[in-house]
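Using the sequences and the accompanying hints, generate a full structural model.
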Amino acid sequence: MNKISIENLTLHYSDGTESLRNITMGIPANQITVLFGPAGGGKSSLLRILNRLNDLADVTYLNGRVLLDEEDILSPKIDVINLRRRVGMVFARPVVLPMSIRQNLTYGLEVAGMKDRYRLDEAVERSLQQAALWNEVQDRLDDPAIALSGGQQQRLCLARVLALEPEVILLDEPTSGLDPISTGKVEESLQELKKTYTIVLVPHSVQQAARTADFAAFFLQGELIEYAANKILFTNPENQKTEDYVEGRFG
Amino acid sequence: MDNSLNWREKIITRFIKVSGYSAIIFVGLIFYFLLREGLPTLGEVQFNSLFATRWYPIEDYFGILPLIGGSLIVTIGATLIAVPFGVGAAIYISEIAPRWMREILKPLVEVLGGLPSVVLGFLGILILSPYLRVFLDLPTGLTALAGSLLLGGIAIPTVVSVAEDALDAVPKSYRDAALALGATEWQTIWRVTLPAARSGVLTAVMLGIGRAIGETMTVMMVTGNAPVMPGGLGALFEPARTMTATIAAEMGEVANGSVHYHVLFFIGIVLFLISLIVNVTASAVVFRQHKRQERILS
Ligand SMILES: Nc1ncnc2c1ncn2[C@@H]1O[C@H](COP(=O)(O)OP(=O)(O)O)[C@@H](O)[C@H]1O
Ligand SMILES: [Mg+2]
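Protein chains in written order, with the numbering used here: chain B, 29 to 279; chain L, 51 to 348.
Treat the hints with caution; some may be incorrect.
Said to hold, decoys possible - One side of the interface only, derived from the structure: several residues of chain B facing chain L at Cβ under 10 Å:
| # | residue |
| --- | --- |
| 1 | Leu81 |
| 2 | Val87 |
| 3 | Met117 |
| 4 | Val118 |
| 5 | Leu125 |
| 6 | Gln131 |
| 7 | Glu138 |
| 8 | Ala140 |
| 9 | Glu150 |
As the list claims (entries may be wrong) - A short, non-exhaustive set of chain L residues, derived as facing chain B with CB atoms under 10 Å:
| # | residue |
| --- | --- |
| 10 | Arg152 |
| 11 | Arg225 |
| 12 | Ala227 |
| 13 | Ala228 |
| 14 | Ala230 |
| 15 | Leu231 |
| 16 | Thr234 |
| 17 | Gln237 |
| 18 | Ala246 |
| 19 | Arg248 |
| 20 | Gly250 |
Said to hold, decoys possible - A few chain L residues that don't get close to chain B, going by computed Cβ distances all over 12 Å:
| # | residue |
| --- | --- |
| 21 | Asn98 |
| 22 | Glu109 |
| 23 | Phe135 |
| 24 | Glu153 |
| 25 | Leu158 |
| 26 | Leu186 |
| 27 | Thr243 |
Honestly, the hints are just simulated from the structure, not real lab data. All of these numbers come straight from a predicted model, not from anything done at the bench. We put the beta carbon where it would ideally sit given N, CA and C, even for glycine.
What follows is the structure in structure tokens.
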């Protein structure tokens with residue numbers, strides 16, 4: 029079952045470059061789909077289309093369809109705010125909001141209109157547990173979030189998304205600034221989370237792509253070169269370019 | 051090493067040092083003269099009559115409270131106008147306006163900031179105060195309110211330009227993060243962008259207040275210059291006299307070295323102290339926040 033279907037998606041920014049060229053792919057539910065490839069391939073652009081964060085960028089041309097559960101999210105009729113609650117995002121650099129740890133977690137729920145203290149507290153604990161951060165911060169939920177270490181901040185950002193109980197989680201190089209131990213924790217959480225959520229991950233290395241992928245898509249300069257289930261792209265790719273990249277012959 | 055290069059280095063360093071020291075010396079000298087001319091007041095006028103409510107120098111009434119009160123009420127009024135409008139405009143320019151609008155508004159604000167205050171005073175006398183008189187049905191439009199409105203207008207460009215820089219410096223990633231959580235544009239501004247920029251916004255407010263307290267020309271032209279003790283909010287609709295306007299208006303006619311002359315300098319000292327307190331408070335607040343952030347980040 030595809031949670032998201034991308035059909036003939038093309039994107040140009042105002043500088044005229046074709047950042048995504050006629051992309052068609054399905055993103056299966058309850059799997060980790062990785063989008064990998066060299067910088068400038070359009071991976072971030074694609075992620076930011078999936079939650080319409082790209083609305084803010086200088087996009088001059090956008091064509092194609094993106095269906096989330098059969099509903100076209102590029103349609104002007106879609107409720108963007110609600111869409112972003114269903115499709116959460118974790119960024120490359122952890123961005124904790126200038127508030128306490130608890131407030132970081134409840135912010136999304138509060139702007140969504142939830143006031144019930146009990147349910148907010150519940151969401152805080154559940155999301156921290158899921159992001160493997162509960163044990164480290166349970167005693168200091170009211171400290172400023174900026175006081176956490178980089179790895180903890182990134183897991184807080186993941187927890188913040190989880191608190192909203194979205195359907196899809198987008199992660200754009202979430203571990204690029206983290207040490208191997210924190211990276212391992214995040215990857216572990218993802219394996220657990222895919223039981224409940226659909227996950228789209230842009231990894232920060234081919235190794236991470238190979239470790240985490242249930243489905244893998246190789247992007248090069250705006251084109252989807254190759255897309256396959258399991259780890260075929262890393263063991264037995266069809267396309268020469270994929271093979272070259274995976275084996276580290278360019279990057 | 052090349053010897054001439056070495057020399058150049060030395061001369062340049064000296065020159066910079068001298069400039070730095072001279073700035074300190076000038077401030078020191080100003081302060082010295084201010085004290086020398088102002089402090090004799092304390093020997094000549096009794097403390098009680100100095101901090102009294104009657105300012106009528108011709109008959110030797112030197113109560114400076116109405117002047118302090120006048121400055122305060124005009125400045126508070128100006129702050130109440132300049133802060134919401136200034137911060138609001140900064141938010142609009144930095145967060146909401148489309149790019150072409152921003153390119154127009156930013157230079158426009160700088161131009162407004164450079165308007166000579168006499169020009170604004172003219173506008174105040176010719177347009178604002180007649181309008182206030184008719185509209186509010188007052189005996190005269192030359193009131194503290196007119197001063198507050200104009201001073202607010204003068205302070206707004208300062209507030210806007212500094213606050214806008216502070217908002218602009220908030221990383222785009224903060225906004226992305228809040229929006230991605232389903233916050234609306236306004237919720238993002240209110241709960242994330244503005245708090246993240248708060249020390250800069252606070253600096254902007256303080257600079258605006260400083261600009262308003264020190265302003266002379268405009269208030270002298272539009273506030274009516276009656277040294278009455280403000281008794282409450284109603285005083286906004288009556289004429290007032292600020293410290294700066296008093297010094298500017300009376301300094302020309304006093305005999306050098308007279309009591310009146312000394313008192314005017316004493317008012318200068320009071321003004322100086324008030325500005326100092328505002329600035330020190332502002333930097334203390336900003337500094338404390340920086341400290342907190344550093345402590346947290348380390
Ligand atoms: N906001 C933007 N405005 C203009 N061009 C952009 C913007 N974001 C990305 N691009 C361009 O689109 C291309 C793809 O970028 P990106 O999606 O960030 O790729 P990746 O994440 O794979 O590195 C690049 O050439 C980049 O310069
Ligand atoms: Mg990217």
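Verification of the supplied hints:
no.	hint	verdict
1	Leu81	holds, 6 Å
2	Val87	violated, 14 Å
3	Met117	holds, 4 Å
4	Val118	holds, 9 Å
5	Leu125	holds, 5 Å
6	Gln131	holds, 9 Å
7	Glu138	holds, 9 Å
8	Ala140	holds, 6 Å
9	Glu150	violated, 18 Å
10	Arg152	violated, 14 Å
11	Arg225	holds, 8 Å
12	Ala227	holds, 4 Å
13	Ala228	holds, 7 Å
14	Ala230	holds, 4 Å
15	Leu231	holds, 4 Å
16	Thr234	holds, 6 Å
17	Gln237	holds, 5 Å
18	Ala246	holds, 5 Å
19	Arg248	holds, 8 Å
20	Gly250	violated, 13 Å
21	Asn98	holds, 50 Å
22	Glu109	holds, 58 Å
23	Phe135	holds, 25 Å
24	Glu153	holds, 15 Å
25	Leu158	holds, 24 Å
26	Leu186	holds, 42 Å
27	Thr243	violated, 9 Å
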